[in-house]
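Student: Okay, here's what each chain looks like letter by letter:
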Amino acid sequence: MARVVVDVMPKPEILDPQGQAVANALPRLGFDGIGSVRQGKHFELDVDDSVDDATLAKIAETFLANPVVEDWVVRRVES
Amino acid sequence: MTARIGVITFPGTLDDHDAARAVDRSGAQSVALWHADADLKGVDAVVVPGGFSYGDYLRAGAIARFAPVMSEVVAAAAKGLPVLGICNGFQILCEAGLLPGVLIRNKGLHFVCRDQWLKVENTTSAWTTRFDQGAEILVPLKSGEGCYVADKHVLDELEGEGRVAFRYVGGNPNGALNDIAGITSANGRVVGLMPHPEHAIDALTGPSDDGLGLFLSALDTLVAA
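The listed protein sequences correspond, in order, to chains A and B.
Take the first sequence: its position 38, counting from 1, is numbered 38 in my numbering, and each next residue is one higher.
Take the second sequence: its position 215, counting from 1, is numbered 215 in my numbering, and each next residue is one higher.
It is worth saying that the hints were derived from the structure and are not from the lab.
Every residue, glycine too, gets a C-beta built ideally from N, C-alpha and C.
Honestly, I wouldn't trust all of these hints.
Think about it this way: if two alpha-carbon atoms lie no more than 25 Å apart in a straight line, the pair counts; the simulated SDA-like pairs of lysine to any residue are [to be verified]:
id	chain 1	residue 1	chain 2	residue 2
1	A	K11	B	H153
2	B	K152	A	W72
3	A	K11	A	G30
4	B	K152	A	G19
5	B	K142	B	G97
6	A	K58	B	A36
7	B	K107	A	V37
8	B	K41	B	A225
9	A	K11	B	P207
10	A	K11	B	G55
11	B	K79	B	K142
12	B	K107	B	H153
13	B	K107	A	G40
14	A	K58	B	P100
15	B	K142	B	R21
16	A	K41	A	D7
17	A	K58	B	P207
18	B	K152	B	G171
19	A	K58	B	G97
20	A	K41	B	L177
21	A	K58	A	L45
22	B	K107	A	L15
23	B	K142	B	P207
24	A	K58	A	R75
25	B	K107	A	R28
26	A	K58	A	V68
27	A	K11	B	K107
28	B	K107	A	D7
29	B	K107	A	I34
Covered stretches of chain B, as calculated for chain A (at least 3 residues, CB under 8 Å) [as the list claims (entries may be wrong)]:
id	region
30	56-62
31	101-113
32	145-155
The task is simple: from the sequences and hints, build the whole structure.
Tutor: Shown next, in the form of structure tokens:
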């Protein structure tokens with residue numbers, strides 16, 4: 001078993017209203033100095049050793065992310 | 001022979017009953033289709049209605065596109081089956097690759113629920129022939145993830161080929177690029193839109209009967225075939 005992390009983020013050019021809302025709330029809460037916030041998704045998968053990187057990339061690209069508006073990164077964090 | 005138009009129900013679908021009612025009101029016969037059945041029951045067209053299929057988990061429409069019934073819809077659409085996606089149905093058709101682009105969270109984050117004016121810009125698709133070019137129609141809009149986004153070359157293609165079916169007028173409610181409310185596939189058989197024509201089929205229950213035009217258009221398309 002390996003732990004695999006997939007991070008999915010809105011592409012830089014895509015409007016991220018959720019991130020903007022967080023960024024706008026921070027000064028109101030007294031946290032200054034935060035320029036901008038982007039909000040994405042973080043997936044943790046427990047994966048059999050038989051699953052190769054190409055399969056993981058396919059899972060990320062065809063299901064966990066929508067490549068029209070999102071970028072994704074797959075990382076194996078422990079094995 | 002009466003045209004038979006299927007209406008799909010997923011877990012979390014809300015608007016299947018209104019969609020079926022609109023189909024029946026148009027003079028076609030509605031046929032209930034179930035997400036878990038890889039069976040279109042021989043229907044002549046399909047409506048993918050609105051709601052929150054699979055709770056909108058992951059992304060709106062992202063899980064519904066893998067439902068057994070959707071494999072059949074995608075295969076049949078490739079052969080020219082008319083398909084209409086409304087709201088969550090539009091999101092599902094985009095995720096399934098039947099229509100380009102994607103719907104993201106509304107600009108400003110608010111769920112928008114109001115009667116919305118739309119301009120009809122395509123009157124040649126299977127679902128829009130009953131409208132006059134440039135006609136303005138009043139249809140309910142109720143969505144939190146209705147902001148249409150696509151790559152610039154996709155937008156240019158949609159605009160250049162006259163595939164923007166409906167455009168928001170009187171203010172853009174959600175930040176959709178080019179004020180796009182609905183689009184058609186290249187062959188004009190598949191249409192998706194965020195507003196709800198099935199909620200606007202008579203004055204008793206909706207702001208107008210403008211929405212009936214989509215269903216009557218489909219009926220014309222099927223009868224002519």
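Student: Starting from K41 (chain A), check that the Cα of D7 (chain A) is at most 25 Å away, please.
Tutor: Given that 25 Å is the threshold and the Cα spacing comes to 6 Å, the pair holds.
Student: Using C-beta distances, would you say chain A covers the region 101-113 of chain B, given that this needs three or more residues below 8 Å?
Tutor: holds (count 8)
Student: Can the restraint linking K41 (chain A) and L177 (chain B) be considered satisfied, given a maximum Cα separation of 25 Å?
Tutor: Cα-Cα ~24 Å, so holds.
Student: Holds or violated: are the alpha carbons of K58 (chain A) and P100 (chain B) at most 25 Å from each other?
Tutor: holds, 20 Å
Student: Has the region 145-155 of chain B got at least three residues whose CB is nearer than 8 Å to a CB belonging to chain A?
Tutor: holds (count 4)
Student: Given the hinted pair K107 (chain B) and D7 (chain A), is their alpha-carbon gap at most 25 Å?
Tutor: Roughly 23 Å between the alpha carbons, so the hint for K107 (chain B) and D7 (chain A) holds.
Student: Has the given pair, K107 (chain B) with G40 (chain A), been kept, meaning a C-alpha gap of at most 25 Å?
Tutor: At roughly 16 Å apart (the allowed maximum being 25 Å), G40 (chain A) and K107 (chain B) satisfy the hint.
Student: Between K142 (chain B) and G97 (chain B), is the straight-line Cα distance small enough, at 25 Å or below?
Tutor: This hinted pair holds, its Cα atoms lying about 23 Å apart.
Student: Does G171 (chain B) sit within 25 Å of K152 (chain B), going by the straight-line distance between their CA atoms?
Tutor: Holds, at about 22 Å.
Student: Run the distance test for K142 (chain B) versus P207 (chain B): straight-line Cα separation, threshold 25 Å.
Tutor: Given pair K142 (chain B), P207 (chain B) holds - Cα atoms ~14 Å apart, limit 25 Å.
Student: Check whether the Cα positions of K11 (chain A) and H153 (chain B) lie no farther apart than 25 Å.
Tutor: The given pair, whose Cα atoms are some 16 Å apart, holds under the 25 Å limit.
Student: How does the coverage statement for the region 56-62 of chain B fare against chain A, requiring three or more residues with Cβ below 8 Å from a Cβ of that chain?
Tutor: holds (count 3)
This entry does not satisfy hints 3, 9, 11, 17, going by the numbered hints stated previously.
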